[in-house]
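Line order of the protein sequences matches chains R and X.
In terms of our numbering, the first sequence opens at residue 1 and continues consecutively.
In terms of our numbering, the second sequence opens at residue 1 and continues consecutively.
Since the hints were derived computationally from the structure, they do not count as laboratory data.
In this text, a Cβ means the ideal position worked out from N, Cα and C, and glycines have one as well.
Treat each hint with caution, since some may be false.
EDC-like, lysine to aspartate or glutamate: derived pairs with alpha carbons at most 16 Å apart [to be verified]:
no.	chain 1	residue 1	chain 2	residue 2
1	X	226	R	165
2	X	329	X	108
3	R	226	X	26
From chain R, some residues computed to sit far from chain X (all C-beta separations above 12 Å) [stated by the list, open to error]:
no.	residue
4	108
5	159
6	182
7	247
8	273
9	291
10	391
There are 2 protein chains.
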Amino acid sequence: MKNINAGVIGLGCRGSAMLDLLLQIEGVTVSWVCDLYEDRIAAGIQAVEKAGQKTPLSTQSYRDMLSDPSLDAVFIFSAWENHVPAAVDCMLAGKCTAMEVGGAYSIDDCWQLVRTYEKTKTPFMLLENCCYGKRETMVLNMVRKGLFGEVVHCRGGYCHDLREEVAFGKENRHYRLKNYLHRNCENYPTHELGPIAKVLNINRGNCMLSLVSVASKAAGMKEYIKQKKPDDAVLMNADFAQGDIITTVITCADGATILLTLDTTLPRSYSRGFTVQGTKGMYSEESDSVYLDGVSTHAWEAEPTWGTAKHFEEHLSPVWKDYMENGIKGGHGGIDWLELCAFVDCVRSGAPMPIDVYDAAAWMAVTPLSEASIATGNAVAFPDFTNGAWTDRAPLDVL
Amino acid sequence: MKNINAGVIGLGCRGSAMLDLLLQIEGVTVSWVCDLYEDRIAAGIQAVEKAGQKTPLSTQSYRDMLSDPSLDAVFIFSAWENHVPAAVDCMLAGKCTAMEVGGAYSIDDCWQLVRTYEKTKTPFMLLENCCYGKRETMVLNMVRKGLFGEVVHCRGGYCHDLREEVAFGKENRHYRLKNYLHRNCENYPTHELGPIAKVLNINRGNCMLSLVSVASKAAGMKEYIKQKKPDDAVLMNADFAQGDIITTVITCADGATILLTLDTTLPRSYSRGFTVQGTKGMYSEESDSVYLDGVSTHAWEAEPTWGTAKHFEEHLSPVWKDYMENGIKGGHGGIDWLELCAFVDCVRSGAPMPIDVYDAAAWMAVTPLSEASIATGNAVAFPDFTNGAWTDRAPLDVL
């Protein structure tokens with residue numbers, strides 16, 4: 001098994017957690033760590049040493065690591081606005097590129113990813129961990145078996161109370177604050193859209209044609225700051241541009257529709273609201289249940305217990321079956337581990353990445369498209385990043 | 001207590017059930033029954049007699065009953081397309097008018113209701129039973145107490161598997177079939193929108209400004225007919241215009257947004273998905289739970305038992321408190337009884353109707369507006385049926 005020398009860009013909250021996971025993957029050596037802040041670099045070096053690996057090289061500028069010919073792959077966990085520039089540079093340097101999720105800032109961002117990949121053919125993967133969810137892959141498996149019939153509508157959301165993260169963004173050096181102050185858009189679409197795009201074969205026989213987004217007023221942060229930061233004069237007087245609830249409806253080439261909800265500045269519990277509806281059945285995360293025509297009666301078949309319910313027994317995805325047999329590892333219920341392993345496996349084997357540059361471009365495009373739709377009140381069209389190839393690209397599942 | 005002589009128009013499935021309820025209300029005499037079909041008239045007469053009342057007069061043409069000076073009120077339970085013409089004629093004849101729900105066929109339908117009411121001042125109420133739901137009125141009560149803070153977003157749906165009703169429309173003389181074959185719109189908005197409009201003070205301090213609707217493909221009926229009516233050559237070859245899922249987003253004058261889902265031709269269990277989100281808390285029907293900021297932790301406060309949970313104890317609406325003390329009666333968990341009693345009480349007292357002609361016009365307008373939005377791909381504006389009066393009309397709750 002070929003050893004992989006990896007570099008990590010971005011060692012904040014997310015990056016440091018992912019670094020710890022990377023250090024557990026057999027045959028991966030973390031030879032470079034990079035962050036803008038020295039304290040984070042120091043912590044990164046310490047984590048690598050603690051895992052028994054050689055002290056890594058380090059830098060505040062990721063370009064330093066790209067000139068190291070021994071480096072095989074780069075993991076990008078930095079702030080949203082840095083994802084695409086760093087990924088483009090990594091691909092140009094020929095380093096296999098794994099990029100953390102976030103929305104794009106412009107459609108040109110998305111085209112840059114695609115054009116750079118097409119020019120360099122450097123392996124690229126978007127690290128959308130939710131595509132590896134136990135429920136998400138089970139539902140995809142059931143869809144592939146035809147249990148839901150023809151899929152007509154899917155729904156998902158990023159429903160996560162992030163008020164503290166936003167309000168204390170200055171203290172925590174977090175990029176959300178400035179985004180929420182100034183922008184109004186579906187700023188984080190891929191967690192919910194990724195698994196849905198896989199179900200609907202987006203970029204592989206189907207594509208997203210158009211989108212319309214509507215923003216509610218922005219009242220959640222104002223109330224939160226009044227309660228929790230009354231002494232922060234700047235924020236007390238700030239108007240947040242970001243609407244509390246962004247509702248986005250996407251129409252696909254095959255006539256299926258997708259409903260996305262961004263809901264991050266009101267009090268609530270976490271949910272991604274994953275829902276798939278077809279002509280023969282449906283799955284709903286909110287009630288965590290499957291409804292099959294002619295099998296279920298007019299009540300949900302309850303499925304309350306993670307991993308033990310009958311649908312998991314029968315339809316658990318192959319990727320999860322293997323994983324559970326080998327023992328679950330890592331963060332976010334295992335999905336971070338699975339996505340990192342998928343990337344590392346493809347780097348070694350040269351197999352096509354399961355979430356590729358066209359997926360990344362299409363999913364991340366939702367952010368600037370939603371921004372345009374909210375600003376103008378119009379529906380907007382998706383660019384076709386595959387240049388027509390979606391009509392006959394072969395299926396490639398994460399299963 | 002003044003006796004009320006009532007006429008009933010429409011004695012199909014819904015009308016006959018409502019007639020049975022009407023016959024239980026003290027001081028209401030059903031003196032006229034009307035339907036296009038003689039068998040239904042006969043059954044209606046029988047129901048009235050069985051309740052111990054005098055044999056009612058009957059007709060196939062509702063205009064006959066409107067010339068009876070002893071008639072006080074008319075209840076309209078007929079097919080969708082007949083609601084507005086009948087209501088207009090009833091108001092012109094000075095008969096207090098209770099109209100069953102459904103969408104409008106045109107914006108002019110809505111204006112006719114409004115203009116006729118303004119000309120005649122005949123009391124008019126839309127019979128939107130869901131406004132009287134136990135959960136809906138509890139949530140409205142909690143909103144009025146300020147428990148959810150400033151309301152930012154509401155969600156509702158008419159999620160009801162009606163494939164059998166549609167497919168067997170010819171056999172059952174039901175109006176849905178022709179609507180589903182030919183139209184593509186949010187055809188039944190008021191069950192979900194009514195309670196939300198009350199929460200958001202629509203027409204009383206707030207109004208709905210614009211709407212955008214998106215339709216999925218129509219695949220559910222095709223599959224159902226293939227399975228259940230393969231010998232019906234007409235339907236086997238029919239293309240249904242009505243998309244399976246209609247997603248509608250409404251923007252209000254105060255910046256709140258409303259998400260509506262019509263979902264009637266795919267296999268599923270029933271839900272209206274009532275959801276209210278504010279700066280301090282939320283309610284969700286799908287998990288039947290309340291989340292209050294600072295009280296709930298990051299898990300739902302489960303509320304699984306109808307009527308016994310702590311929020312019902314503390315926040316049950318006055319209208320339901322009375323009702324439960326007097327013993328629950330009637331269909332759909334009591335809501336039909338409550339709406340009929342509300343109408344009858346207002347007819348007697350002359351008090352303003354809790355769901356008035358402006359509510360009816362605004363809510364029913366969603367149907368033709370959604371049709372226009374789906375057809376053109378554009379957002380469309382709501383007419384202001386109050387002619388500006390919404391800016392200072394006094395609140396009037398159903399509580």
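The hints, checked one at a time:
no., hint, verdict
1, 226(X) <-> 165(R), "violated (52 Å)"
2, 329(X) <-> 108(X), "violated (37 Å)"
3, 226(R) <-> 26(X), "violated (53 Å)"
4, 108, "holds (25 Å)"
5, 159, "violated (10 Å)"
6, 182, "holds (18 Å)"
7, 247, "violated (5 Å)"
8, 273, "violated (9 Å)"
9, 291, "violated (6 Å)"
10, 391, "holds (18 Å)"
The structure does not agree with the numbered hints 1, 2, 3, 5, 7, 8 and 9 stated previously, though it agrees with the rest.
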